[in-house]
Every structure is written in structure tokens, then in C-alpha cells.
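Input sequences plus hints: build the corresponding full structure.
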Amino acid sequence: MKHDKPFLVKRRDLLKAGGALVIPFQLPAMVRAQALRDPKAGPPDPEQIDSWIAIHQDNTATVYIGFAELGQGCSTALLQVAAEELDLAMDQVATVGLDTHLTPNQGGTYSSSAIRVGGPQVQRAAAEARQALLAMAAEQLNTPAESLSVTRGVVSGPGTAEISYGALIGERRFNQPFTGTAPVKDPATYTLVAAPVPRKDIPLKANGTYLYIQHLRLPGMLHGRIVRPPGQGAYRDGVRIVAVNEDSISHIPGARVLRQNHFIGVVVPREWDAVKAARELEVTWERPSTLPGNDALFSRMENGPTNDRVVVDEGDVAAFDEAYVKTAFDGTGPYQAHVPFAPNCALADVSDSAALVMCSTQDVYNTRTSIANLLGLEQDNVRVQYHEAAGTFGHSCWDDVAQAAALMSHLAGRPVRVQFMRQDEHGWDTYGPAHIGKAKASADRNGKLVSYEYEGWQHHWSLVETSAQTALNTPAAEWPPVPVQQVNPLTLGGMYDIPNRHLLNHHVDGLDYLKGAWLRSPLDLSFAFISEQAIDDLAWQLEMDPWQFRQQNISDYHWRDVLDAAAEAANWQPRPARASNANANRNSNTVTGRGIGVGTHLASYGGAVAEIEVNTETGEVRILHLYGAIDAGLVVNTSNVENQIIGQLVQTASRMLLEEVTFDETGVTSLDWATYPILRFEQCPAVTPVIVQRLEEAPSGAGEEVMAAAAAAIANAFFDATGKRMTMYPFTPERVLAVLA
Amino acid sequence: MATLTINGATIETDAGDDTPLLYVLTDELQLQGPRFGCGLAQCGSCSVLVDGVENRACVMPISLLANKDITTLEGITSYYAAATGTGERRTTPLQDALVQEQALQCGYCYNGMIIKGTELLLNNPAPTEAEIRSAMNGHLCRCGTYPKIISAILRAADAMATAKISGADNQEETA
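Protein chains in written order, with this note's numbering: chain A, 1 to 741; chain B, 1 to 175.
One or more of the hints may lead you astray.
Stated by the list, open to error - Chain A regions said to be covered by chain B (calculated; three or more residues, Cβ under 8 Å):
#1 211-223
#2 415-423
Said to hold, decoys possible - Distance windows between CB atoms, simulated:
#3 A:Leu624 - B:Val59: 31 to 39 Å
#4 B:Gln100 - A:Glu286: 49 to 57 Å
#5 A:Pro230 - B:Gly87: 32 to 40 Å
#6 B:Asn137 - A:Ser588: 44 to 52 Å
#7 A:Ala319 - B:Asn137: 32 to 40 Å
#8 A:Ser588 - B:Asn67: 42 to 50 Å
#9 B:Asn137 - A:Glu47: 52 to 60 Å
Stated by the list, open to error - Reference listing, derived: stretches of chain B covered by chain A, where coverage requires no fewer than 3 residues with Cβ under 8 Å from a Cβ of chain A:
#10 24-36
#11 56-68
Because the hints were derived from the structure by calculation, they are not lab data. Everything numeric in this text was worked out from a predicted model, so none of it was measured. Every residue, glycine too, gets a C-beta built ideally from N, C-alpha and C.
Next comes the structure, spelled out in C-alpha cells:
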């Protein structure tokens, strides 16, 4: 590696500035944490305590965590877990950013994994470090380890004898294997875990001193921008350059065009010049008309070739034919975008033999592999660091921008910072895929579910990023290559006691559509929107209250408890759905309704209630109040999880009312916040988060499990208010008026 | 060569007249408060105060800013102290309230939320919830933290009223 120092450039001293103007950059914790580390490529050996915990002379600890802080607070929560087991206070523990030279490989930060997967690993490592420290203290104090107690990292023996962790091992390595055998604390004795511990990053974010990836600079760097058609076409087609007029930016000082095959970008010393150069560079593109456009999307998905697979087959769904009440409900969900509030950004410094890439990937080791392949470098000569950006809620363009920065640094022979512009992010996202679902369900005259069928159409995630696709002419490909990303058995009837169930997945080949990737609670909003409306319809046909109908078909206590928690928070009074505009307010042309739903993504459980208002004249839907309950096993930081629920409820409102990627036959046309609107302050519902705490159960993830339930509750509230069912979302005024007509 | 007044300091820049203020603040001065979000004045992440009025730095060319007082997040505590005649503190009541509410998630939009929220509170020290929603409506948050921001602005308004009655702010340290 040609770098062995911290990579942050000092503030350029370009301008004379008054004291009020200048604030110092944070000294990265990495500098200090590196002292105990070999400067060689990781991942560090997970079977060594030193790979997880370092104790410093000042009696503080660095905890090495393989999960990314995304604004969900996991860096604080995982430190709570470590501090709890180590008997340290929160002001004595710190962590470092993900770095392939420093942090363990715990897999990527997705699928609500940080606490679910990381919590138990960090807990056991901290417990084992404490056990090792107590053994050292016992020897030093000449007393049995069982007689020792620890407060704030100071070990006390009988009488006045005491010694601190820092004095025992400060700045030295444990050199002990991590066996995972040290006993962990009884949850009943927790003081830090399961409490609303304030997040460490929030004060820095509120006073403006927190470093986002967008703030970082490398010495001698150039500003880079990618140049692409304004919105992506079919994934298979990639980007095809017909002609480039480099003279079109010759008036911009220092501007250079960088090109490798069909990858093209500009680099310029000054950032505003880079923006202008990317905007003004004249490129002629081949733009084939191969997409279906929004109008033909669902007919192409349903009528085109699919790879079919039975996901669940229990009992015999022919029981449907003889059931007392039956329903068949079909619906669709649109493509939706991640569109992080800050477009993705990355910096790279690439030499002939090595590369440093700073980006906001949620999986540094996976990104390291992709960068090594892209540049033809040995993996160990590529160092990837994570720095926080704006929340992306799934796989947005972070790998694409990291690859673009690496390519441009390689081509320019200089460090390069690439900042995607708004249209790059909106137009070249890997979108949450569109979905078609068809549900059939039935119940007996006592209101017990008899049968449930669901078939769903959608494509997978795109594997090859556009930068690699264009630069290396790598063919587009989907991941996973076999159809395992499919109709979700948990959200699709999995909460109910159903003797006869059949789930059928139709995998659509994604290469002829938009790029796809997981977007928070992937596909579950669509699944629940369709499935839970079918369940609701059975309750209505039976003239039963929809909460009570669900209660009597659920025996799993997790599902029952989140369902009941949401209903009770909303003060739900049982009655069948009104299914009419009997509640109309004639003065304002509005009707109100309420709905309930359950759903999840992975291992946790979500329940929700929605109260909405529909304007029958204008078609406008207002979501007045959302109640969301989650059972995520042990909740380490209750304040964080309340925030996660609030965010999920507000995002679900946004996705159900407003969000839809628009595209014609040649490309995506929703390229900014005007053409892809999201929820605003004036549209934001009141929200009530409810946590069902399970101290004795393992954490199961809290980042996305209320959204499916909330989507379903909103849809069912629409029926209660109007007597009509929406079969598509978002609920735009045009769609609402068409349904009400 | 343009001369700008930023957080009370006078700076000179050789950036072209058409350069949006944001690029002087971020590329030349490397300030961390104002930040790029859309470049289209749609989201509010780049907000600054220009003569006390919230503006979008991403579309405001520096040629329009001669003789204007520009305040960024870095200067918001001094600005707030001067505007209210109170002693300067390390944070404003709104920043304190945002921390107390644990309002932020990723926090990227909070430059704009704090700039706009401060403008609101100085113009209307006791806003109703409806007035807060209306004033803040041009600022987007992808994480969905709007409910907590509303709570924090109401909390900050309470703290400001209490400080005014007790005169507590005048007793505080200066930064």
C-alpha cells in the first residue's frame, strides 16, 4: 500500500477566514484504533479477542464492529452490548468505521442484521474479554476471580485492592483465542441493554461536525462526475455511446474526459466546473426503445416467460371450492426508488498495484472484491473504508459510485472524488422491483381460515453495477441466479393458522426491465397490500371485526401480541368494516376510515393500524395516524427502535401515497424530487410506535418489519372509508377517483 | 474575484460569478453544514441564511451575494445569540431539543432543518404545529423523522420562552 497514514487531508488554507468560519475536522477515531493493528489487509481473525476488543491505557475500549452506522443507531446499540458485558460506561467505549484493514467481516449491513447478527457476536466477544481481564486481575491482586467485581472498568477485590482494565492491558494485545464460551450476563441484571441510551452520533450531527462521506477530501484529488443518459433503459442494454464531442467542454479549465468502453466521466480540479463539464459534455447515446414503459409493465410481466417454483404447498387448496366465504384479490406494486437524501459519493486513490476506496457501501468486504475485479488488482491490495452517507434503506448506488471513483482515479492517475448528481441517483438506482400478486382465500362459517393461495410475479436484484457493465462490457446479470428471492411465506399468510396453503413464485427475467435491488422491506409492502386485503375481505363478508377475525386465526403469541398492541394503541373498538361513505363529512367531501394489518420481512413481527381520510371530490388521501407495533425479540436500544418504527411508518405513508418510478420505452423519467415526490411535513401522519419487548429472546431485527403491516392497514382503511378496494399503489388522486367512480 | 461575508468573516474567492454559493462553502471553505442534496433547490440540505432569510445555496450564484450576510450552520449559534440578545452558547435551543428528542436518524437533512427551524423560531417564537408544518414543508427528510422535528421545534419554543422569562440565557457562558 502506498498509504499508511490517515487519509484525511487537512483543510486547505486557500482563503483568509475569520474564526467563526473555521471549525476543525474531527480527528478520526481510526487513527488511535489503528495503533493496535497490523497494517495488513483484513479481515482480522474472528477467532482472536483482539479482533473485536482493544483496551487502552486510559481505561477505555475500542470495539471493532463489522456493521455500518446508517443512522439507525446500531453503532451506539452495539456499544451498549459491549459495555454491558465489559462493565464499562458508555463514555468509555468507542468504535471505528468499517475498514477492510481494521474491522471484522460480519457480512453486510442489511436485512436488519446489525443487532440480530452483530449483537450476539459482540456480546460474546466482550464477555470473553472481561473474563480474560478478570483472570489477569485475579493474578495481580492475588485473589480468586470469583471474588472480583467491576465498575467502570475498575476491578475491585476484597478490601481496598483494585486495578483498572487500562492498567492490566492498556495498549497491549490479549493474544487469546475467542472461544465463545465465556458466560454472558443474565438479562435481568442489564443496566445498559434494553434502555433508551442516547446515540453517540446525534450531538455531532446536530452541531454540524459529523463527517459524512461527502465531506472527505484526498490530497491532490480531482472532482469527478459520471456522464450517462438522464435515466436508465433496460438493464440488458446498459449504456451505449455513439459519439463524444470532447471540444464541447474545452472552455472549462482543466476539464478532462475519461472513457473506458462505454463508461464515461469528467474530472476537473474545481467542483462547480465538474458539474458544468458533466452537464455540457456532448455525448450521443444509443437509446433503444426496449422497456415496456409504465403502461405495459404489468402485462409484459404477466404474459412473458417466467421461471416458476412452488414455495409452499400444504394441505389441499381445493378446499376453497367448498368454503363458506371466498375471496380472490389481485393487485400490483410499482417500482420504487431508494433515492437517499444525499446522492452517493465515493473517493478513490488508485495506483498500478493498489487502491484505496472510501465509500458508503454496507459491505466493505464484498465491495473490495468487486473493486479488485474491476481494476485487476489483488484483493489484499485494495482497501475499502465505509463512511456514513444519507440513509439509503437498501442497496442504492453506493457500489456503482465506488466503482466509478475507482475507474476514474485509475484513468486520471490522480485521486478522484465522485459525487453523483440528483438525476444520477434517481435515474440509475437499483429500484425496488415491481410486483403482481394474486391472492385467493376462504373461511368457514365460524370465521376460521380454510385455504390460502398466492402467486406473485417479480424479478430479482441486478448483480452487475452500471460502472462495471459499461467499463468492462460485462453482461447484465441477476442475483441470485436461482429463484430464491420470491413470494415471502412469512408475510403471505404465514401468521395465520391455515390448513391448506399454496404459494407460487413466477420469476420474471429482470434483464428486460429496470435494475433491481432490495428496498427496505423488499417487496413486502406489495405482498401485504394484496394479501391482507384478501384477508380483510373475508372478515367483511363474515360481518366480523377485522381485528377479531385475525385474532381467532392466529395462535402464535408473537403475532397475536403485535396485532393486539397496535389495536390497543389505537383504541380500536370492534365493529365490521363500514365499507361505505356513511361517515362522510358533507362539508369537506371527506370520508374517514380505519384499517388493520400484520406483516413482516424476516424474523420479527409487525402489526399496524391506520386512520385515513379520503376526499371523494379531489381523490386526495390523507393518512391521519399510523400505529405500528414490533416484536423484534430483545430490543437493545428502545429509543432507536422507536425511531425505526416512526421512520418505517412515515416511509410507508410516502410509498403508499406518492412514490412510483416512471419510465417510458427508452428510460426512466422520474429524475428528481418533483417527478418522484416523497412525503412532506404537511402530509405527515401522527405516529405511535409500540415495542413488544422480549428480554429473554434473541434480537431479530427492527429495521423494516412494520412496513408491510402499515401498508396493509392503509389499504384496509381505504375500504372502511369508501367501500372500494385499491388494487394499485401509490394512491394518486387519479387512481382514487377512478376507483370511486 | 468576489467578496463574501460568511458567518461574520469576509472572504475573497476567485470562483466564477455563476458559481453557486454552495460550491464556495463546500469545495473552497470545506464547511460541513451546508451540503449537496439535489442542486435544484428542491430538498433544503444546502440551506443557509442570507440576511436572515433561508435560501438554497445550491442555486444561488455568488454574484448576487455581495454585501449580504451569509450564515451557515457553523455560524448559527452566533447568529442566534445576536438575534435574541442572549449570550452565545455552543448550541442553539433547537439543536438542544433535537438531541433531547433523539430526532435524527442519518441526519443529513438536518443542516436545512436547523437553518429553517431557526428562521421560523426567530420570526415566530411560539409556532403552532400547523405553522411548523407549513414553514418546514419545503424541507425533505428521507428517513421520515418529521414527527420528531415537529416535537423538537415545539420543545425549543418552550425552552426559549422559559429562558426569556428567567433571563437564564444571559447568565450562560459565552463560547
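Against the structure, the hints:
1. Counting residues of the segment 211-223 of chain A whose CB lies closer than 8 Å to any CB of chain B gives 6, so the stated coverage by that chain holds, three being the minimum.
2. Residues of the segment 415-423 of chain A lying with their CB closer than 8 Å to a CB of chain B number 3, which satisfies the three-residue condition for coverage.
3. In this structure, Leu624 of chain A and Val59 of chain B meet the distance hint of 31 to 39 Å, their C-beta atoms being roughly 35 Å apart.
4. Evaluation of the 49 to 57 Å hint for Gln100 of chain B and Glu286 of chain A yields a pass: the beta carbon distance comes to about 55 Å.
5. Evaluation of the 32 to 40 Å hint for Pro230 of chain A and Gly87 of chain B yields a failure: the beta carbon distance comes to about 51 Å.
6. Look at Asn137 of chain B against Ser588 of chain A: about 21 Å separates their beta carbons, and that is not inside 44 to 52 Å.
7. Roughly 52 Å separates the CB atoms of Ala319 of chain A and Asn137 of chain B, a value that falls outside the hinted 32 to 40 Å.
8. Distance hint for Ser588 of chain A and Asn67 of chain B: a CB-CB separation of about 49 Å, consistent with the stated range 42 to 50 Å.
9. One distance hint, 52 to 60 Å for the beta-carbon pair Asn137 of chain B and Glu47 of chain A, holds here, with the actual separation near 53 Å.
10. With 10 residues having a Cβ less than 8 Å from any Cβ of chain A, the segment 24-36 of chain B passes the three-residue criterion, so the hint holds.
11. Judged by the Cβ-Cβ criterion of 8 Å, the segment 56-68 of chain B is not covered by chain A as claimed, because only 0 of its residues qualify and three are needed.
This entry does not satisfy hints 5, 6, 7, 11, going by the numbered hints stated previously.
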